[in-house]
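Visitor: Residue numbers (the working numbering): 789 to 980.
Quick caveat, the hints were computed from the structure, so don't treat them as lab data.
Treat each hint with caution, since some may be false.
Unchecked claim - Taking lysine-lysine and the DSS-like style, the derived pairs with C-alpha atoms no more than 25 Å apart in a straight line are: (1) Lys861 - Lys793; (2) Lys969 - Lys832; (3) Lys802 - Lys951; (4) Lys969 - Lys831; (5) Lys871 - Lys962; (6) Lys831 - Lys951; (7) Lys860 - Lys802; (8) Lys871 - Lys861; (9) Lys861 - Lys974; (10) Lys969 - Lys950; (11) Lys950 - Lys831; (12) Lys860 - Lys951; (13) Lys871 - Lys974; (14) Lys950 - Lys793; (15) Lys950 - Lys871.
Said to hold, decoys possible - The following label-pair restraints were derived from C-beta to C-beta distances: (16) His855 - Ser947: 17 to 25 Å; (17) Asp945 - Ala798: 20 to 28 Å; (18) Ser947 - Pro904: 29 to 37 Å; (19) Lys860 - Ser902: 26 to 34 Å; (20) Glu863 - Val918: 20 to 28 Å; (21) Lys802 - Glu927: 37 to 45 Å; (22) Ile881 - Val979: 44 to 52 Å; (23) Val979 - Lys802: 46 to 54 Å; (24) Ala948 - Asp885: 25 to 33 Å.
Keep in mind that this is a model prediction, so the values were computed, not measured.
We put the beta carbon where it would ideally sit given N, CA and C, even for glycine.
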Amino acid sequence: TIAEKAVRQAAANKEINAVILRPHLIWGPGDPHIVPRVIQRSKKLVRVGNRNNLVDTIYIDNAADAHILAAKKLEENPSLSGKVYFISQDDPIPMWDMINGILHAADLPPITRSLPVRAVWTIGAILEFVYTVFRISGEPRMTRFVANELGTAHWFDISAAKKDLGYRPNVSTKEGFRRLKEWLTKHPITVE
């Protein structure tokens with residue numbers, strides 16, 4: 789991102805001490821992006837691709853812990869400045885187990901219908917075209933990018949964060965789902 793490039797450049801020029809953390813798909817209580825979108829669109833969701841595409845997300849408390857830990861370690865060891873660290877649960881799981889875990893926390897049924905990635909990608913391309921040609925505001929319900937993300941395995945090596953920062957996720961994915969369920973009972977999200 790532009791902000792990350794600016795921070796990396798400033799750190800390289802010794803203008804600031806900073807490390808860059810790259811959390812992957814933050815979710816949990818209070819999440820304004822992933823959790824609400826999955827729940828709101830649950831009746832319209834279709835599993836993209838097969839069940840084998842793994843994803844490694846990060847529970848919100850683990851992301852917060854990683855940022856605090858990084859600040860402490862940077863203060864102890866300024867030579868870490870300018871380094872980039874991926875952070876996650878360190879527990880890749882099938883994408884649709886993740887999505888169904890969120891739905892379970894909201895007491896909603898799992899997604900069982902599926903379509904091939906190529907078909908969903910094509911739908912995304914058509915919707916993008918229609919939105920562009922007719923100048924429809926907002927974002928299409930499906931895009932080529934989203935189709936690829938839902939149908940492709942993606943996780944990152946966090947060994948550098950473990951080694952340099954001592955990062956370990958304190959909240960497991962299973963415990964995160966339990967906490968999310970508890971939060972959703974007090975803060976329900978409406979299904980579209």
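Visitor: Now tell me if each hint is right for this structure.
Guide: Outcome of the hint check:
1. For the hint linking Lys861 to Lys793, the alpha-carbon distance of about 21 Å falls within 25 Å, and the restraint holds.
2. Distance hint between Lys969 and Lys832 is fulfilled; the C-alpha atoms sit about 21 Å from each other, no more than 25 Å.
3. Between Lys802 and Lys951, the direct Cα distance comes to roughly 23 Å. Compliance with the 25 Å bound is thereby established for this hinted pair.
4. Among the hinted pairs, Lys969 with Lys831 is consistent with the structure: their alpha-carbon atoms are about 19 Å apart, no more than 25 Å.
5. Using a Cα cut-off of 25 Å, the hinted pair Lys871 and Lys962 is violated, with the two alpha carbons roughly 30 Å apart.
6. Annotation: proposed proximity of Lys831 to Lys951 is violated, straight-line Cα distance about 42 Å (limit 25 Å).
7. A hinted pair counts as satisfied when its Cα atoms are at most 25 Å apart, and Lys860 with Lys802 qualifies at roughly 18 Å.
8. At most 25 Å may separate the alpha-carbon atoms for a hinted pair to count; Lys871 and Lys861 meet this at roughly 12 Å.
9. For the hint pairing Lys861 with Lys974, the CA-to-CA distance comes to about 36 Å; that exceeds 25 Å, so the pair is violated.
10. Distance check on the hinted pair: Lys969 and Lys950 sit about 29 Å apart at the alpha-carbon level, beyond 25 Å; violated.
11. For the proposed pair Lys950 and Lys831, the alpha carbon gap of about 39 Å is over 25 Å, so the pair is violated.
12. About 14 Å separates the Cα atoms of Lys860 and Lys951, which keeps this hinted pair within 25 Å; it holds.
13. About 39 Å separates the Cα atoms of Lys871 and Lys974, which puts this hinted pair outside 25 Å; it is violated.
14. At roughly 23 Å between alpha-carbon atoms, Lys950 and Lys793 fall within 25 Å of each other, so this suggested pair holds.
15. At most 25 Å may separate the alpha-carbon atoms for a hinted pair to count; Lys950 and Lys871 meet this at roughly 13 Å.
16. The hint said 17 to 25 Å for the Cβ distance between His855 and Ser947, and at roughly 19 Å that hint holds.
17. For Asp945 paired with Ala798, a C-beta distance near 26 Å keeps the hint of 20 to 28 Å intact.
18. The beta-carbon spacing between Ser947 and Pro904, approximately 34 Å, falls within the hinted interval of 29 to 37 Å.
19. One distance hint, 26 to 34 Å for the beta-carbon pair Lys860 and Ser902, is violated here, with the actual separation near 44 Å.
20. At about 51 Å, the CB distance of Glu863 to Val918 disagrees with the hint of 20 to 28 Å.
21. With their beta carbons about 40 Å apart, Lys802 and Glu927 fall inside the hinted range of 37 to 45 Å.
22. Between Ile881 and Val979 the C-beta distance comes to about 23 Å, which lies outside the given range of 44 to 52 Å.
23. In this structure, Val979 and Lys802 meet the distance hint of 46 to 54 Å, their C-beta atoms being roughly 51 Å apart.
24. Here the CB-CB span from Ala948 to Asp885 is close to 27 Å, well matched to the stated 25 to 33 Å.
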